[in-house]
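Visitor: First to last, the sequence lines map onto chains A and B.
Using full-length UniProt numbering, you'd call the opening residue of the first sequence number 1 and step up by one each time.
Using full-length UniProt numbering, you'd call the opening residue of the second sequence number 1 and step up by one each time.
Bear in mind the hints are in silico, worked out from the structure with no lab data behind them.
Be a bit skeptical, because a hint or two may be false.
Identical copies go unnamed one by one, so any copy, or any two together, can satisfy a pair.
[Said to hold, decoys possible] Below are the EDC-like pairs computed for lysine to aspartate or glutamate, each with C-alpha atoms no more than 20 Å apart in a straight line:
#1 K183 <-> D75
#2 K390 <-> E32
#3 K390 <-> E147
Number of protein chains: 2
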Amino acid sequence: MTNTVSIPTFANSSAQPTAPLFSRASGLRLVEQIVQALASRIDDRLLRSGTRLPSIRQFADQHGVSRFTVVEAYDRLVASGHLESRRGSGFYVRERAPLINAALSKPEETAGNQIDVVWLARNMFRQLPPQKMPGSGLLPNELLDAELVANALRSISRQAPNALLQYGGPQGFLPLRQQLQLKLAELEISATPEQILTTSGVTQALDLVARHFLQPGDTVFVDDPAWFLMFGSFAMLGARVIGIPRTQDGPDVTKLAELAAQHRPKLFVTNSVLHNPTSGSLSSPKAFQILKIAEQYGFYIVEDDIYCDMHPGSAVQPATRIAALDQLQRVIYLGGFSKTLAANLRVGFIAASTELARALADRKILSSLTCSEVGERVVYKVLSEGHYRKHIERLRGKLERARDRTLRQLDRIGLDTADSAPVGMFVWTDTRRDANRLTELAMAEGWLLAPGSLFSPHQLPSSRMRFNVAALSDPAFWRFFEQALAGA
Amino acid sequence: MTNTVSIPTFANSSAQPTAPLFSRASGLRLVEQIVQALASRIDDRLLRSGTRLPSIRQFADQHGVSRFTVVEAYDRLVASGHLESRRGSGFYVRERAPLINAALSKPEETAGNQIDVVWLARNMFRQLPPQKMPGSGLLPNELLDAELVANALRSISRQAPNALLQYGGPQGFLPLRQQLQLKLAELEISATPEQILTTSGVTQALDLVARHFLQPGDTVFVDDPAWFLMFGSFAMLGARVIGIPRTQDGPDVTKLAELAAQHRPKLFVTNSVLHNPTSGSLSSPKAFQILKIAEQYGFYIVEDDIYCDMHPGSAVQPATRIAALDQLQRVIYLGGFSKTLAANLRVGFIAASTELARALADRKILSSLTCSEVGERVVYKVLSEGHYRKHIERLRGKLERARDRTLRQLDRIGLDTADSAPVGMFVWTDTRRDANRLTELAMAEGWLLAPGSLFSPHQLPSSRMRFNVAALSDPAFWRFFEQALAGA
Numbered sequence: 001m002t003n004t005v006s007i008p009t010f011a012n013s014s015a016q017p018t019a020p021l022f023s024r025a026s027g028l029r030l031v032e033q034i035v036q037a038l039a040s041r042i043d044d045r046l047l048r049s050g051t052r053l054p055s056i057r058q059f060a061d062q063h064g065v066s067r068f069t070v071v072e073a074y075d076r077l078v079a080s081g082h083l084e085s086r087r088g089s090g091f092y093v094r095e096r097a098p099l100i101n102a103a104l105s106k107p108e109e110t111a112g113n114q115i116d117v118v119w120l121a122r123n124m125f126r127q128l129p130p131q132k133m134p135g136s137g138l139l140p141n142e143l144l145d146a147e148l149v150a151n152a153l154r155s156i157s158r159q160a161p162n163a164l165l166q167y168g169g170p171q172g173f174l175p176l177r178q179q180l181q182l183k184l185a186e187l188e189i190s191a192t193p194e195q196i197l198t199t200s201g202v203t204q205a206l207d208l209v210a211r212h213f214l215q216p217g218d219t220v221f222v223d224d225p226a227w228f229l230m231f232g233s234f235a236m237l238g239a240r241v242i243g244i245p246r247t248q249d250g251p252d253v254t255k256l257a258e259l260a261a262q263h264r265p266k267l268f269v270t271n272s273v274l275h276n277p278t279s280g281s282l283s284s285p286k287a288f289q290i291l292k293i294a295e296q297y298g299f300y301i302v303e304d305d306i307y308c309d310m311h312p313g314s315a316v317q318p319a320t321r322i323a324a325l326d327q328l329q330r331v332i333y334l335g336g337f338s339k340t341l342a343a344n345l346r347v348g349f350i351a352a353s354t355e356l357a358r359a360l361a362d363r364k365i366l367s368s369l370t371c372s373e374v375g376e377r378v379v380y381k382v383l384s385e386g387h388y389r390k391h392i393e394r395l396r397g398k399l400e401r402a403r404d405r406t407l408r409q410l411d412r413i414g415l416d417t418a419d420s421a422p423v424g425m426f427v428w429t430d431t432r433r434d435a436n437r438l439t440e441l442a443m444a445e446g447w448l449l450a451p452g453s454l455f456s457p458h459q460l461p462s463s464r465m466r467f468n469v470a471a472l473s474d475p476a477f478w479r480f481f482e483q484a485l486a487g488a
Numbered sequence: 001m002t003n004t005v006s007i008p009t010f011a012n013s014s015a016q017p018t019a020p021l022f023s024r025a026s027g028l029r030l031v032e033q034i035v036q037a038l039a040s041r042i043d044d045r046l047l048r049s050g051t052r053l054p055s056i057r058q059f060a061d062q063h064g065v066s067r068f069t070v071v072e073a074y075d076r077l078v079a080s081g082h083l084e085s086r087r088g089s090g091f092y093v094r095e096r097a098p099l100i101n102a103a104l105s106k107p108e109e110t111a112g113n114q115i116d117v118v119w120l121a122r123n124m125f126r127q128l129p130p131q132k133m134p135g136s137g138l139l140p141n142e143l144l145d146a147e148l149v150a151n152a153l154r155s156i157s158r159q160a161p162n163a164l165l166q167y168g169g170p171q172g173f174l175p176l177r178q179q180l181q182l183k184l185a186e187l188e189i190s191a192t193p194e195q196i197l198t199t200s201g202v203t204q205a206l207d208l209v210a211r212h213f214l215q216p217g218d219t220v221f222v223d224d225p226a227w228f229l230m231f232g233s234f235a236m237l238g239a240r241v242i243g244i245p246r247t248q249d250g251p252d253v254t255k256l257a258e259l260a261a262q263h264r265p266k267l268f269v270t271n272s273v274l275h276n277p278t279s280g281s282l283s284s285p286k287a288f289q290i291l292k293i294a295e296q297y298g299f300y301i302v303e304d305d306i307y308c309d310m311h312p313g314s315a316v317q318p319a320t321r322i323a324a325l326d327q328l329q330r331v332i333y334l335g336g337f338s339k340t341l342a343a344n345l346r347v348g349f350i351a352a353s354t355e356l357a358r359a360l361a362d363r364k365i366l367s368s369l370t371c372s373e374v375g376e377r378v379v380y381k382v383l384s385e386g387h388y389r390k391h392i393e394r395l396r397g398k399l400e401r402a403r404d405r406t407l408r409q410l411d412r413i414g415l416d417t418a419d420s421a422p423v424g425m426f427v428w429t430d431t432r433r434d435a436n437r438l439t440e441l442a443m444a445e446g447w448l449l450a451p452g453s454l455f456s457p458h459q460l461p462s463s464r465m466r467f468n469v470a471a472l473s474d475p476a477f478w479r480f481f482e483q484a485l486a487g488a
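Bound conformation, chain A alone (with noise of 0.2 Å):
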């Protein structure tokens, strides 16, 4: 049986701020605030298809409006594909998710032998509840600020309406470059606006990277572990990917020498801070030492630091950025906010030196022209007015509650936490376990995990599993886990 929602009631009692259906003072025609009304609940899925509407008796009397206007409303979200009408039986919200699912459905159905990284990476997006993905790169809403970033949005729409009509810059919006001028400064990075570009998060930033070094057949050196997603990246420009071992505080620097005069890798990728997935950084010691053994065999440093807002400061770890060193000689130097501000909003950047900004800015150009200003402006203001600083504070603080919440109930359930870093979002735990088997067990029940195999950059089997701590809230994750844990 389907059921019928009493609108009102539904609109009052949502968990999401919703405005109320509509307003007699509104400049538009109550027909058009209905139909707006409706069509946005239904596509945020807050009416969830096939639910049944009110008849439109009950909604005229529940509304006070006239049952004409009731009638066009429901008519014209059935011509726009928002309701179905069924005969005899009234108006349904029109089956729209299954489309998703039918997308989405085959990688989920795979065996263990066919986890890979387009696996988890098309999982990631799937429209499972954020408390259902403990193996999530991102942070839930609960830690993110949905008002700073819907409050700026809607200063610039008032602001700058004219703006968003023509192209923004192509080494993007110049006021965030220089805000972002004043961030890399407290990093001790040196860099000029024009030595930073915008990008479409820190993955079209490695892609525009990645495009202008890598010809196929060479040689790039990731971290082992390190985040799945550049390794087919990567092979999609035809590049030989190697591990190299991430130790507590950064990359196996012996190791890099080694496999450096073996195989003369053209990029070495690399978290300084808050590694994906272990949360290590980086000591000072090694970053000279990767600086000497890149000077010495004449590659470039790409150094991602997406998460450099999570670290809480270098009294509780230390935290080096190979950047602040070589000043944006041989480093080209990511970052982004999609992490800490909202991934949506797609705004990544890269520093480098002035001519390779520039190189990579014409490289930017020919791919997809410029980035959305959009987001760039929201970036802006968030940065400029202080909220953004303010926001990071309570994340950081949040982050660590979460955290120790995390490493108490790996502890009860039997799994070792001494290595593990003590801060970041990620928890590198050993289940001693066949992790891609958890996975399996986990998906079977609805939870989405990230086995350690995904992070190796040759797929290896791995006991290892990353967690996020901020997405373990659910006591029931827990139960779960523990008999999974028993019974694998």
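Fit chain B to the given chain A structure using the hints.
Guide: Chain B alone, transformed into the frame defined by chain A:
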């Protein structure tokens, strides 16, 4: 001498609608409001660099606020890099624009033989007023509707703030893809939402398709003339670009068959409707012949339909989409909203076979994860609420009038317009002079033109010039151009 502005006068007389400086009723502190109001005016260049601000006392008196408030606001604007304090002289808007100018001034100074794709691409992004850019590929703001976009943005910030925090779906916002399904159906192209993926403009769409099909050394066919940015984009991939001469009703099919037999291309990229730069459109018999040749030689057709919505209907100019014949078997259809709604939203899309759409979505994930859903939601709202259709009707009317005016002016100065297409935003004029030389003369006077050589796949010299009919409203341009023609 620098000017001192009276802020309130300025705010009231501004061409762009601006919010009042502050409101006692606002929840924000007065100083915050003043900081924000001034900062956004500076960011948007409403207050230009070098402008002197009222003294602290003047400002306090004019606005009835305390001097402490003004001191704090000015101080914070100095800290944020918006103002600078000059000893003994007061506060000035800081020099910011020169950074952009420095980055972009070099191409402007290049001699004629260095006019190339990157030159024009960079110059398109210069902060010239639109009426100074008859060579621009975008419509000026008067033909677009900033309020439409701003309203949609506001409504998204109110109704779906949480949606912005996480990633959108890898294929794009589903309700938008459902709207695109309806839009394509009107063109007789049948595509399910699974067959559609959003991209960061048509540029990223082309890049994804090209990276999927092309290996270094492969051949790609383009129209000759064609949109210049493509040449750079394909060259970046190491592909060989060959032009198919464009006749009034589409590509020269005899030549196409001949060259296909000879070069065995992987792709043929073409504008069927309102071809850039000629504004010609494809006839049905030619569409059929192109498809047969593609089948015979096994290449794919990339149908870039970015100008789709400017076309006034087949009664004025026949316009056939190859995808309507082929139903996305051998045709990859591209579209977007940069030209007709707002370039800065960066919303384009690909429609292709289900299998290909899936492969391209994986490639999109690996190269930039997702697009910003902000833009996608704006486009969705504007489409689904019926505003887009009305906007397009107004736009077509304005375009028609601008086109008539332009053709009259060209006639008047003695250029032949007999072979001009009757519709579209571009006129492809034969100047009977070296168009590169005219472009240099124009650049010296501050006008950006688009010479024919840029649209030639091999940048061959040309006497043709692409004019944007909507960017020619300044009589000063026609005075300049008439003189330039006489002199060149």
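Visitor: Could you figure out if K390 and E147 sit no more than 20 Å apart (CA to CA) within one copy, between two copies, both or neither?
Guide: Within one copy only: 14 Å inside, 32 Å across.
Visitor: Cα distance capped at 20 Å. Does K183 pair with D75 within a copy, between copies, both, or neither?
Guide: between (52 Å within a copy, 19 Å between copies)
Visitor: Using 20 Å as the alpha-carbon threshold, which applies to K390 and E32: within, between, both, or neither?
Guide: between (39 Å within a copy, 15 Å between copies)
In summary, the structure agrees with every hint in the numbered list given earlier.
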